[in-house]
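> The chain contents come next:
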Amino acid sequence: MTAIQADGLSKSYRHFHVLDSVTFQVHAGECFALFGPNGAGKTTLLKILATVNRPTAGHFTILQHDGVREKEAIRRSIMMLAHGSHLYDDLNAMENLRFAMAMRGITMSNRQGKQALDRVDIGAFAEMKIRFFSAGMKKRLALAKAILAQPQVLFLDEPFTALDEAGIHTMIEFIHELRRGQATVFLTTHDRAKAAEVANRAGLLQKGTLSSFTIKNPFHDLS
Amino acid sequence: MTYLKVIQWVVWKDLISEIRSRETISSMLFFALIVILVFSFSFSMDQQAARQLIAGIIWVAFAFTGIIGLGRSFTSELQNDCLEYLQISWAPKGAIYLGKVAGNFLFMLAVEVLLFPLFVLFFNLDVVEEIGLLLVIFFLATLGLAAVGTLFSALTVQIRAREVMLPVLLLPMVIPVMIAAVEATRGALNGDPLFLYSQWLQLLVVFNIVFTVVSYWLFELILDS
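Residue numbers (the numbering used here), protein chains in the order written: chain V, 1 to 223; chain F, 1 to 225.
Simulated from the structure, these hints should not be mistaken for laboratory data. There's no promise every hint is true.
Derived BS3-like pairs (lysine-lysine); straight-line CA-CA distance at most 27 Å [unchecked claim]:
no., chain 1, residue 1, chain 2, residue 2
1, V, Lys114, V, Lys129
2, V, Lys207, F, Lys5
3, V, Lys71, V, Lys194
4, V, Lys194, F, Lys5
5, V, Lys194, V, Lys207
6, F, Lys5, V, Lys71
Take the sequences, apply the hints, and build the full model.
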């Protein structure tokens, strides 16, 4: 089953073309890594697929739902961990989790919240306000949100940035876990070595064009 | 997911954040105190003169204080790109809007309730008999300001000159609320019979219903654009 299908996706800001007719597909259970230099349009593409931004031209579907007309259906199946941590500075870690889950219609118990925080090794900071968190701790908390949400399609923008080795290991483990459950992961990164540990397919985005589309066969054996 | 739960969570989040940071309330109170002090020193009024002018002064203070709070309502969502999370969440966008309106309404009403005794004190007002009616007027007019202001706060939050654009866009839209609030407040403070100014209360009710419904539908478009 095709999880992500993009046909001729383009994005322009006035006369500046960020994406130029990008076409690709990702199947359910796959992890697709998107590489590219700074300014290539990786985050733009990711945010279009996550229904944050609209494409200027082209068409895409997520789990067979149309990217423009069926945004709400898509949003029920996806989660995005972006550069911004999507966390409120004046709420503590547990409160942030509770609010984030409430916005996804999930009632989270204290035990579930604690388990998620423990899994990303910040259980001891459950009552600490986010404004005192480091960038790495925020990334771990964002990962805890994804662990609780268990999305069918996960979009990750530079997932390994700011994380220490243990955090990267937890992130990689979680991606494998999602794929074992037939969930799909789409990530952008500059770190080819880390991507090789989790992704089975990869693409290279340059000057807004998916000029090189490599299929590693596979990067990582999930069995 | 029920609408009510989303509304509750948004209000809870805004209240908890504000109680901990006290950024919005403190700037609102500080501005309003300055307005009261300046007006109280500018006019040395007897009670009769005060009753004629004070309604306008009260609503100038309340409206501009409210704009400070409304402006911060969505700028707080910009930190860590939280607005993006709300945009792609499952939560009905209308419920997020109503939660934001409720939060803004509570902040503004809290400030008004704290400030009004200062108006009474500085301008030597006798409001014991009209206090219930005045609270109804404050309630209705503040709801109108919060309903429209929340929408415009969301509309201007991504604009670079948002601090300028919010009052420029909002104030013309809420002129009916301001006029109705001033006229009704003046009537109540003068001790006029209710039927003499009840049309202003009706205008506030109609404005609130119409603009809350319109803003409710527009909010999703604004959040997604």
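> Evaluate each hint against the coordinates.
Here is what the structure says about each hint:
1. V:Lys114 - V:Lys129: Holds, at about 15 Å.
2. V:Lys207 - F:Lys5: Roughly 45 Å between the alpha carbons, so the hint for Lys207 of chain V and Lys5 of chain F is violated.
3. V:Lys71 - V:Lys194: Given pair Lys71 of chain V, Lys194 of chain V is violated - Cα atoms ~31 Å apart, limit 27 Å.
4. V:Lys194 - F:Lys5: violated, 40 Å
5. V:Lys194 - V:Lys207: With Cα atoms ~23 Å apart, Lys194 of chain V and Lys207 of chain V stay inside 27 Å; holds.
6. F:Lys5 - V:Lys71: Judged against 27 Å, a Cα distance of about 22 Å means the pair holds.
When the structure is compared with the earlier hints, violations turn up for hints 2, 3 and 4 and for no others.
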